[in-house]
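Engineer: Sequence:
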Amino acid sequence: MDSSVVDADLITAAEELLASLKSQQPLTHTSRAALLHQVDKLRCGLQGPAEAMAFQRTLNIFTPAMNVLVEHRVFNHVPLNGTIGLNELASKIGWDPAVLVRFLNVVLLQGILEEPEPRVYRHTRGACHLGQRYCHLMPPIQGEVQLTIGNKISDYLKTHAPEDVYDPLKSPVAYARGAEGKTYYQILEENPAFSDVWHKGMAQTPLNPVVGMFPFRDMQQAVEAEPDRAFVVDVGGGRGNALIDIMEECGGGFGAPMVLQDLKEVLQGQDPVRIDGVQAMPHDFYNEQPVKSESSAQSTLLQSNQNVLYQTGN
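313 is the number that numbering that gives the first Met the number 0 gives the last residue of the sequence shown; the numbers go up by one with no jumps.
In case anyone wonders, no lab produced these hints; they're calculated from the structure.
A portion of the hints provided could be inaccurate.
Restricting the straight-line Cα-Cα distance to at most 30 Å, the calculated cross-link-like pairs of lysine-lysine (DSSO-like) are [as the list claims (entries may be wrong)]:
| no. | residue 1 | residue 2 |
| --- | --- | --- |
| 1 | Lys-291 | Lys-263 |
| 2 | Lys-263 | Lys-181 |
| 3 | Lys-181 | Lys-151 |
| 4 | Lys-181 | Lys-157 |
| 5 | Lys-151 | Lys-169 |
| 6 | Lys-151 | Lys-263 |
| 7 | Lys-169 | Lys-181 |
| 8 | Lys-157 | Lys-169 |
| 9 | Lys-21 | Lys-40 |
| 10 | Lys-263 | Lys-169 |
Label-pair distances were calculated between CB atoms; the ranges are [as the list claims (entries may be wrong)]:
| no. | residue 1 | residue 2 | range |
| --- | --- | --- | --- |
| 11 | Leu-41 | Gln-185 | 39 to 45 Å |
| 12 | Gln-267 | Asp-154 | 33 to 39 Å |
| 13 | Ser-30 | Asn-75 | 27 to 33 Å |
Ideal Cβ placement from N, Cα and C applies to all residues, glycine included.
With the sequences and hints as input, model every part of the structure.
Structural biologist: This is how it looks when you write it as structure tokens:
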């Protein structure tokens, strides 16, 4: 294949992307994700081996750079509305500007900040709240996965039988942390600092939208007809924040139970989950579901990243 010639399929993909951009107004979480998927497909089709390696190197240095910038509160000094110069920003955190600019160049490539003129920075429209609200949750989690666990995956595959990956007590996470014999959640809860970050990250429902993915409000008549049956069962992963959003959307649970299931160490651990109007039920979703739906015709499984909701209404 001649890499100097633009493939006709790439031109078609670019035209489809442009058409999608024009038609997706207003943007939603779902449509934005679909557009980004098209962008990634276009990039992958256009790049050669050298570009692919360069892109991967950028990803590899992004997490460490973000971790440093967050720990030194660099984003907190960038005004939400306005700009700040490199020298002023460096003076606020006590760094040499020549050092700071190297870290800023990394996040500029990922659209976290932008540079309207040389050595002047501002938040991008899409990420203006990231530095001060969400990004403090990202580096520890990404570092845990990419560094602590990722560096041990090869050794894990050399030393474990193929079926071990399905054993929650012999997971790659447990192996990487030297804690085989414990589940992921047991390991998580033993580290209060990381547990706090993990739970806060899972609680960021604007990043993991639930409302809008399913017509919960349209269930009102059916739910009110059988108020003894659970309306929604959240089987864990977000400390019930999805249920909070659903109840806000519906003005409550239409008089039916709203159930939050998770492991006992999560619901009753160091930071117990207590939500008005929600029944907490210790349960491992790998086991048989104790809340039954009498009719399976319209029972629906919804998944949003780590959140899985079991909708039991007719």
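Engineer: Holds or violated: are the alpha carbons of Lys-151 and Lys-169 at most 30 Å from each other?
Structural biologist: holds (13 Å)
Engineer: Quickly compare the C-alpha distance for Lys-263 and Lys-181 to 30 Å and report which way the hint goes.
Structural biologist: Distance ~14 Å between Lys-263 and Lys-181 Cα, so the pair holds.
Engineer: Decide if the proposed pair is consistent with the structure: Lys-21 and Lys-40, CA atoms, cutoff 30 Å inclusive.
Structural biologist: The hint holds at about 18 Å.
Engineer: Does the structure keep Lys-263 and Lys-169 at a Cα separation of 30 Å or less?
Structural biologist: Holds - the C-alpha atoms of Lys-169 and Lys-263 are around 20 Å apart, at most 30 Å.
Engineer: Quick one, are Lys-151 and Lys-263 close enough, alpha carbons at most 30 Å?
Structural biologist: holds (29 Å)
Engineer: Holds or violated: Lys-291 with Lys-263, Cα cutoff 30 Å?
Structural biologist: Judged against 30 Å, a Cα distance of about 20 Å means the pair holds.
Engineer: Given the proposed pairing of Lys-181 with Lys-157, does the C-alpha separation stay at or below 30 Å?
Structural biologist: Roughly 20 Å separates the two Cα atoms, so the pair holds.
Engineer: Are the Cα atoms of Lys-169 and Lys-181 separated by 30 Å or less?
Structural biologist: holds (8 Å)
Engineer: Could you say whether the range 27 to 33 Å given as a hint is met by the Cβ separation of Ser-30 and Asn-75?
Structural biologist: holds (31 Å)
Engineer: For the pair we were handed, Lys-157 and Lys-169, check the Cα-Cα distance against 30 Å.
Structural biologist: The hint holds at about 14 Å.
Engineer: Given the hint that Lys-181 pairs with Lys-151, test it: the Cα-Cα distance must not exceed 30 Å.
Structural biologist: OK: Lys-181 and Lys-151 at ~17 Å, within 30 Å.
Engineer: Could you say whether the range 39 to 45 Å given as a hint is met by the Cβ separation of Leu-41 and Gln-185?
Structural biologist: holds (43 Å)
When each numbered hint is compared with the structure, no violation occurs for any of them.
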